[in-house]
Every structure is written in structure tokens, then in C-alpha cells.
Amino acid sequence: MAWIDACSTDDIDAEDVIRFDHGGRTFAIFRNHEDGYFCTDGLCTHEDIHLADGLVMENTIECPKHSSIFDFTTGEVETPPACNNLHCYKTKVEGGRVLVDI
Amino acid sequence: MRAAFALREHGYVGEVTLIGAEVALPYERPPLSKTGEIAAIRTAEAYSDKRIALRPGAFVTNIDLGTRLVSLKGGEAMAYDNLLLATGARARLFPGMEGCLTLRTNLDAQVILSRLTPGAKIGIIGGGFIGLELAARARQAGAEVTVVEAGPRLLGRAVPPQIAKILHERHALEGVSLKLETGVVSASSDRIDLVDGSSMKFDTVIAGVGAVPETGLAEAGGLVVQNGIVVDGDFRTSAPDVFAAGDCCNFDWRGQRVRLESWKAAQDQGEHVALAILGKSVPYNKVPWFWSDQYDLSLQVAGIFDLGAPIHSRSTGDDTTVVFQCDATQNLVAAAGIGPGNATSKDIRIFEKLIERRTIVDAGRLADPSQNLKRLLAAT
Numbered sequence: 001m002a003w004i005d006a007c008s009t010d011d012i013d014a015e016d017v018i019r020f021d022h023g024g025r026t027f028a029i030f031r032n033h034e035d036g037y038f039c040t041d042g043l044c045t046h047e048d049i050h051l052a053d054g055l056v057m058e059n060t061i062e063c064p065k066h067s068s069i070f071d072f073t074t075g076e077v078e079t080p081p082a083c084n085n086l087h088c089y090k091t092k093v094e095g096g097r098v099l100v101d102i
Numbered sequence: 001m002r003a004a005f006a007l008r009e010h011g012y013v014g015e016v017t018l019i020g021a022e023v024a025l026p027y028e029r030p031p032l033s034k035t036g037e038i039a040a041i042r043t044a045e046a047y048s049d050k051r052i053a054l055r056p057g058a059f060v061t062n063i064d065l066g067t068r069l070v071s072l073k074g075g076e077a078m079a080y081d082n083l084l085l086a087t088g089a090r091a092r093l094f095p096g097m098e099g100c101l102t103l104r105t106n107l108d109a110q111v112i113l114s115r116l117t118p119g120a121k122i123g124i125i126g127g128g129f130i131g132l133e134l135a136a137r138a139r140q141a142g143a144e145v146t147v148v149e150a151g152p153r154l155l156g157r158a159v160p161p162q163i164a165k166i167l168h169e170r171h172a173l174e175g176v177s178l179k180l181e182t183g184v185v186s187a188s189s190d191r192i193d194l195v196d197g198s199s200m201k202f203d204t205v206i207a208g209v210g211a212v213p214e215t216g217l218a219e220a221g222g223l224v225v226q227n228g229i230v231v232d233g234d235f236r237t238s239a240p241d242v243f244a245a246g247d248c249c250n251f252d253w254r255g256q257r258v259r260l261e262s263w264k265a266a267q268d269q270g271e272h273v274a275l276a277i278l279g280k281s282v283p284y285n286k287v288p289w290f291w292s293d294q295y296d297l298s299l300q301v302a303g304i305f306d307l308g309a310p311i312h313s314r315s316t317g318d319d320t321t322v323v324f325q326c327d328a329t330q331n332l333v334a335a336a337g338i339g340p341g342n343a344t345s346k347d348i349r350i351f352e353k354l355i356e357r358r359t360i361v362d363a364g365r366l367a368d369p370s371q372n373l374k375r376l377l378a379a380t
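Chains as they are written, first to last, in the working numbering: chain A, 1 to 102; chain B, 1 to 380.
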């Protein structure tokens, strides 16, 4: 695990998500409605769909394909069809940059 | 299957048994016409963990509403307190088409996929979702594909013409021969005979001409059936302890009786029935929603379009198209989007929520892509 500089805080709109690829893996970095930043694995646990194309509502992300909903602050499934939680990674903001511990 | 798990999620502790004529563990049907992948929805362990008894390969011969018994082939009878009919639909075949292949089950998919080989001549009857998804799949496998459609355009039943046009152009570009306004008199495993007297020869003929709800048990049991098993707002049939959900049921959607053949409706309605059985029913407010994948294009539709009424376009970009419709009171009622990958997913998801919230919109402003959908949603 290491802190990686992923993006600028401004790269993500409020209540939105971007895809972040690093070291051959893909992640999703979220900004919630209160400007909190969070990071999870980038693919839905149901089928390998990039969550970054999905809709963020407060602390949840809805998969763009089959509407599984996850709480991205905890990774927990809120609505099926997904049944496995998302893995979460720590984040911190320093000098306008979002760092993720991956 | 969704109702069984939802019963457990909402605290039901009694017995739950899933009876199905198919032998496989419950599997996802949408991929059958797309990637062809056959994937169990849950593992066998997941059912035993939740104490959901599985009776695969069990064929129900009769339901007796008076004695509350389900009879199985072989003579066994099972008692129930509440019964859910989630019997789905079967592929329709018109008289004279009996020799064609159809797609409904994992076994159907295996047969069809084995025929989609380089150079194989594949005839597809029906320019609906099953036909077009299989056409895309067949072209990707290198087969020669002809689609024969009786109507004046593709996807004439549920999809706005602006969206159908994009799919038409794409299939043509990919080399699919599309024959519209072409009536079929009869068809067999290797030929299609047309209304104009001509015939076409193929290696394989597949019919995708709609589905018929599986209502035989319900009708024989004495339940009210009219284009599906008629249910109320709780998805309860004309018998108080019998429910129906998914492709086989006919329910009220904002004043019109509908029967939906979609994966999402099956999910939503299964969960809804579980709540109703537990006495926790809530008004059913789920917006009809479905998707289709063809080549790298993905289409999503939320709500139900009135194809005879005006449809507005939202200019989203060069490679994506989003359209929507309002009723006479400016209520948003339906939206559809198409583009590569999941390019329009986020927009359609917001539209779905706006429809669910019965949002009144200014169609002219909504057509302007600078109008932020998320902000509009936040204001509702």
C-alpha cells in the first residue's frame, strides 16, 4: 500500500465519480455531496462494469448497467443484483490533490 | 428467486421453496442473446445459507386454490400459505414456423450459439430485441445474417424511431441484411417463405417474434388472466394468497394495464411481492426500465413511450442520442438513450428518477443539453 496522487479535487464534480487507473488496476474516486473524497475498486462486483459511468447520489453509486447500488463510503451493497461489497481504499486531500492508499 | 431472497432480507423466518421446471440453478437470462454467457445468479450455497429450498426440474401440474396445494408431476403435492407465480413467458411461434429455433432458456442459447459460426447463413425473423441482439452476436461470430421484419421499422413496439434508426444504420454498416415490411408466410429450420411468394434458404432460422406469458397454471386454477395474470397494486392475483410477478403478470402502470418482459421489472416486482406477503406493502412506483446491447452500443429505456405522441430530442453529442416524452400535463413519462458503452446511462438513470418523482418539465429547456439534469433532480 502506498499513497498515490490520483487527481485534483477539482477533477471531480460535486456528487460525481471518475475512473482512475493505476498499476494495471482500475479504481473509482468519488466526491460526495459534502465534498468528501472516497475510493473503491473501479468495477462493479456483479459484472465487470466501470462504476465511473454510474450515478452518484450523496454517498451512493448506482452501477450504470444493472442498477446495483453501493454505499461508497463503506463499500456495502444497498441494492442487488450485486451481492459482494466493494473494496474501499483510504483517501486524503493535500494541497488540492486527492491521494489514495492503494 | 428475487422474492425468495427478499423475504429473508426482510425478516421472514418460515419455509421458502423455489419450484422450477428448469434443471439449472436460476440464471441470468439477459446475457443469453448478448454474450451467450450462462451465469447462475447465486451459488447453491447462497440458497442453503438463506434456507431457501430448491426444487429444480420440478414440473407443476396443478394449483388448487381451495386446498392451497401445488401438485407436481410424479404425484407429489406441496402445501402453501402464500404462492408466487413467477412463471415468465415462452417464445412465441406463429403457425407454420414450428421448425425455427427460438431463444428463451440456457439450452436454447447453447444450440443457437453453436450455429453462429463463420460463413453460416443465419435467417432471423423479427426485428425486435432478441432478433437484433442475436444478429449482432452472429455478425461478430462471422456469420451472414438476414433479418426479416414485418413492420416498417425495427423495434416498432417499444423504442422511439430516433433510437431505432441508429440501430438500423449500425446493423446495416455491420453487414446485416435488413428486410423491412417483409411478411413471413411460413418458416422451417432452413428456409423462410415470404408473402410475395419468394423463399430464402439458410443454414439456421431463428424466430424472435415476441413472447407469450405462461399463464396455463393460473387459468386452470381459476385466476383472472388477461394478457398475463391480472394483479393488483400488491401484485396479488384474484386469489388473496396468490401473487404473480415478472413477465407473466399484468399490472397497472399509471392508469394503463401493462405486462413487462424485462429483467428489472422481475427484480422490482419480486421484491415488492415479498414485502406484500410480509404485510409491509408500499405503493409500487418502480419505473419500467430495460436495456439492450448490440455491438458496442448500449440502449436504455425508462418509462413507457406513447409512440403515437411527440418525442423530444436532447442534443447530447455526436455519438450519443437521448430522447424523452412528456404527457399533456408536462409530466415526464419516458426517456431513452443510446451510445457506445454506458455513455448515456447516467442521463437515463436521472430521467428514471425524474419520471418516478412525476416531475413536471419544460420540454424545450430539457432538450437543451446545457440544462443540468442532476440539478433538475435536486430541485424535485
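Because the hints were derived from the structure by calculation, they are not lab data. Each residue gets a CB set at the ideal place from its N, CA and C atoms; glycine is no exception. The reader is advised that the hints may include incorrect statements.
[Unchecked claim] Here are the computed lysine-lysine pairs in the BS3-like style, where the Cα-Cα straight-line distance is at most 30 Å:
1) B:K264 x B:K121
2) B:K121 x B:K280
3) B:K280 x B:K353
4) A:K92 x B:K179
5) B:K50 x B:K121
6) A:K90 x B:K374
[As the list claims (entries may be wrong)] Derived Cβ-Cβ restraints for the label pairs, each shown as a range:
7) A:G36 x B:S71: 29 to 39 Å
8) A:T9 x B:R365: 44 to 54 Å
9) B:R365 x A:D13: 47 to 57 Å
Hints breached by this structure: The structure conflicts with hints 1, 2, 4, 5, 7, 8 and 9, although it agrees with all the remaining ones.
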